[in-house]
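Go ahead and model the full structure; you've got the sequences and the hints to work with.
2 protein chains.
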Amino acid sequence: MRRSHSAFFLDINSMAITIAVDCMGGDHGPVVTIPATLEFLRRDVGSSVILVGREEVVRPLVSSAVAEFGSRLTLRHASEMVAMDEPVASALRNKRDSSMRVCANLVKDGTADAALSAGNTGALMAISRFVLKTLPGIDRPAIAGILPTHDGHVYVLDLGANVDCQPEHLLQFGIMGSVLVSVLEHRERPSVGLLNIGEEDIKGNGIVKQAGELLRDSGINFIGNVEGNDIFKGTADIVVCDGFVGNVVLKASEGLATMIAGGLKEEFSRSLLTKLAALISMPVLKAFKQRFDHRAYNGAGLLGLNGIVFKSHGSADAYAFRCALDRAAEAARNGLTDKIVSRMAAMTASTVSATATA
Amino acid sequence: MRRSHSAFFLDINSMAITIAVDCMGGDHGPVVTIPATLEFLRRDVGSSVILVGREEVVRPLVSSAVAEFGSRLTLRHASEMVAMDEPVASALRNKRDSSMRVCANLVKDGTADAALSAGNTGALMAISRFVLKTLPGIDRPAIAGILPTHDGHVYVLDLGANVDCQPEHLLQFGIMGSVLVSVLEHRERPSVGLLNIGEEDIKGNGIVKQAGELLRDSGINFIGNVEGNDIFKGTADIVVCDGFVGNVVLKASEGLATMIAGGLKEEFSRSLLTKLAALISMPVLKAFKQRFDHRAYNGAGLLGLNGIVFKSHGSADAYAFRCALDRAAEAARNGLTDKIVSRMAAMTASTVSATATA
Chain C
332 MRRSHSAFFL DINSMAITIA VDCMGGDHGP VVTIPATLEF LRRDVGSSVI LVGREEVVRP
392 LVSSAVAEFG SRLTLRHASE MVAMDEPVAS ALRNKRDSSM RVCANLVKDG TADAALSAGN
452 TGALMAISRF VLKTLPGIDR PAIAGILPTH DGHVYVLDLG ANVDCQPEHL LQFGIMGSVL
512 VSVLEHRERP SVGLLNIGEE DIKGNGIVKQ AGELLRDSGI NFIGNVEGND IFKGTADIVV
572 CDGFVGNVVL KASEGLATMI AGGLKEEFSR SLLTKLAALI SMPVLKAFKQ RFDHRAYNGA
632 GLLGLNGIVF KSHGSADAYA FRCALDRAAE AARNGLTDKI VSRMAAMTAS TVSATATA
Chain E
332 MRRSHSAFFL DINSMAITIA VDCMGGDHGP VVTIPATLEF LRRDVGSSVI LVGREEVVRP
392 LVSSAVAEFG SRLTLRHASE MVAMDEPVAS ALRNKRDSSM RVCANLVKDG TADAALSAGN
452 TGALMAISRF VLKTLPGIDR PAIAGILPTH DGHVYVLDLG ANVDCQPEHL LQFGIMGSVL
512 VSVLEHRERP SVGLLNIGEE DIKGNGIVKQ AGELLRDSGI NFIGNVEGND IFKGTADIVV
572 CDGFVGNVVL KASEGLATMI AGGLKEEFSR SLLTKLAALI SMPVLKAFKQ RFDHRAYNGA
632 GLLGLNGIVF KSHGSADAYA FRCALDRAAE AARNGLTDKI VSRMAAMTAS TVSATATA
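Line by line, the protein sequences are chains C and E. Using my numbering, you'd call the opening residue of the first sequence number 332 and step up by one each time. Using my numbering, you'd call the opening residue of the second sequence number 332 and step up by one each time.
One or more hints might be untrue.
For identical chains, the list gives no copy identity; a pair is met inside one copy or between any two copies.
Computed cross-link-like contacts, SDA-like style, restricted to lysine to any residue with a CA-CA straight-line distance of at most 25 Å [stated by the list, open to error]:
#1 Lys564 - Glu597
#2 Lys670 - Asn552
#3 Lys464 - Ala618
#4 Lys670 - Arg471
#5 Lys540 - Leu406
It is worth saying that the hints were derived from the structure and are not from the lab.
And the structure:
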């Protein structure tokens with residue numbers, strides 16, 4: 332879809348919401364999460380944040396900020412933290428007082444409207460699912476992330492939560508993705524494409540074929556199959572795929588972008604002459620970098636849970652983490668969870684009536 | 332793997348081989364395939380080419396070249412051609428005298444040592460499989476293509492021939508890919524990685540897990556799981572995946588590269604000042620472009636057939652098509668098919684003896 336930053340920030344500041352922030356998560360922890368939170372609170376004056384983490388670590392870092400934001404910035408002690416490489420089972424069973432778990436609990440008991448963590452994705456999904464449970468009609472939560480396109484961005488789900496999907500799961504991803512985009516981007520009927528391959532006669536595997544039929548009857552704006560190259564063309568607002576394919580595509584794209592950026596840098600650093608060319612081209616290269624800045628797309632939604640949970644990239648810097656905070660706030664303000672529930676209920680009702688009249 | 336062009340051309344010209352070229356295939360047909368063939372014949376003096384296509388179209392275009400190359404350049408009339416968007420079934424059933432089919436027949440009857448076509452991939456695979464059949468021990472042929480990495484390139488298979496793979500198929504892909512790379516790159520034990528996702532506890536789906544076990548016991552240089560970002564890092568010489576994932580990754584990568592190149596071009600064209608910067612940076616940008624020039628990686632092998640068939644990208648230009656010809660010639664000179672057969676036989680024998688002594 333086309334960039335429309337104005338639309339994205341339209342409703343910000345209009346309604347009070349509270350976000351629980353996993354202060355300890357990610358590759359950098361409080362060094363990133365705290366500055367990002369303070370900047371977020373400065374810009375989004377209708378919001379509050381609960382910083383969750385080890386009090387002895389967090390309090391000294393925010394002592395001056397507490398005066399600035401008053402009751403909008405509170406701390407919640409959590410004695411443990413989930414390591415980035417910790418097995419999911421260990422995080423779930425042994426760390427009942429992890430910052431991640433406390434964040435999920437704050438959403439569950441209604442103290443927070445949404446949670447954000449840059450921690451271990453598998454653990455965040457498992458803990459969120461255990462604490463919050465899934466919504467009626469949703470078998471499996473999915474991770475919905477954002478990738479840049481030629482002149483905007485695209486939402487892709489699932490990015491790795493579900494490796495063996497049935498057609499019904501892909502249908503649910505399509506519906507949840509459609510609601511997410513309408514909530515975050517204020518669009519009525521965003522377009523949904525199903526990731527497939529284009530070879531004649533072997534068009535897609537059986538599961539994808541069946542998912543296409545279900546999506547066609549779902550009432551969402553389903554535009555049919557899209558191929559790998561359509562992702563970055565922006566052919567659809569949302570691209571649906573199973574978590575294995577989504578994860579591979581996401582990581583391959585990150586790898587390719589890194590390779591291209593590294594190669595460009597190397598070529599511009601070869602000699603005095605090429606360094607001079609780099610200097611002269613600096614404004615162009617900066618504009619180019621900013622245009623496809625992946626940091627602006629940080630903040631993946633864990634969809635299908637009974638509560639709003641967003642995941643920041645583990646390596647996010649303060650700017651990227653703040654972008655994820657913006658998304659979590661927008662989702663909370665616009666009632667993401669309720670809207671998924673009503674969409675699923677409407678679909679179930681229409682399916683039932685279709686069956687009844689059949 | 333590291334670039335080693337010298338190794339790639341080491342054996343060229345050392346042995347006489349004949350390639351059947353589908354003169355009519357691809358987006359551009361003879362306009363590309365003929366100049367590429369003539370350049371190939373000039374450089375690879377031990378080779379011959381049979382140009383297959385409509386004689387009334389092809390002969391006028393090569394009349395002067397026939398004098399230059401003598402018996403090394405011959406024509407074979409084929410009255411039909413397969414359209415780029417033609418359904419596979421129609422190409423297979425109704426076009427028995429297509430240039431593609433005649434190429435496959437020339438390989439089958441031993442007149443040619445390999446065939447190359449830039450035509451419809453699905454049709455080429457179906458026709459080749461029908462005419463040549465698969466090798467003993469190979470259930471399904473696979474498409475093995477090449478992608479650039481930070482300082483070399485990587486072979487990926489399958490790129491779309493097989494959408495629903497069993498563990499045994501992925502094992503066969505690993506073995507065939509290993510033989511292909513040892514033949515084309517003159518490497519003893521190239522490394523093979525299995526494409527997977529890294530989330531804890533949901534590491535891969537069941538089929539990929541089982542394939543990992545089979546590959547571990549196969550005797551090839553299997554380095555275990557690799558993730559999407561490893562493809563472009565060059566972590567493995569060969570990356571194995573099912574055709575759905577491979578096709579999506581290939582096309583998504585093409586789409587991303589196109590987006591980045593387009594964005595860079597746009598930023599350098601914004602104003603007189605940025606155009607000046609582009610002019611000054613031209614040598615750098617050219618070096619950069621050449622470094623990741625996908626045309627140099629053209630030429631995907633259709634592996635597992637009883638005969639050598641290579642596929643050129645449909646949009647290939649003469650340089651790209653010539654690169655594919657080089658690869659087909661190298662595979663033919665180094666006995667790709669026989670080597671796959673002996674590798675499969677050795678593996679079957681070792682499996683049998685393992686069972687016997689168990």
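Verification of the hints:
1. Proximity of Lys564 to Glu597 under the C-alpha cut-off of 25 Å is restricted to the inter-copy arrangement: shortest distance 15 Å between copies versus 27 Å within a copy.
2. In the homo-oligomer, the alpha carbons of Lys670 and Asn552 lie at most 25 Å apart inside one protomer (16 Å), although the nearest pairing across protomers, at 51 Å, exceeds that limit.
3. Within a single copy, Lys464 and Ala618 get their C-alpha atoms no closer than 43 Å, and across copies no closer than 53 Å, so neither meets the 25 Å cut-off.
4. For the homomeric pair Lys670 and Arg471, the shortest alpha-carbon distance inside one copy (17 Å) is at most 25 Å, but the shortest distance between copies (46 Å) is not.
5. Proximity of Lys540 and Leu406 under a CA criterion of 25 Å is satisfied in neither setting, with 49 Å inside one chain copy and 43 Å between copies.
When the structure is compared with the earlier hints, violations turn up for hints 3 and 5 and for no others.
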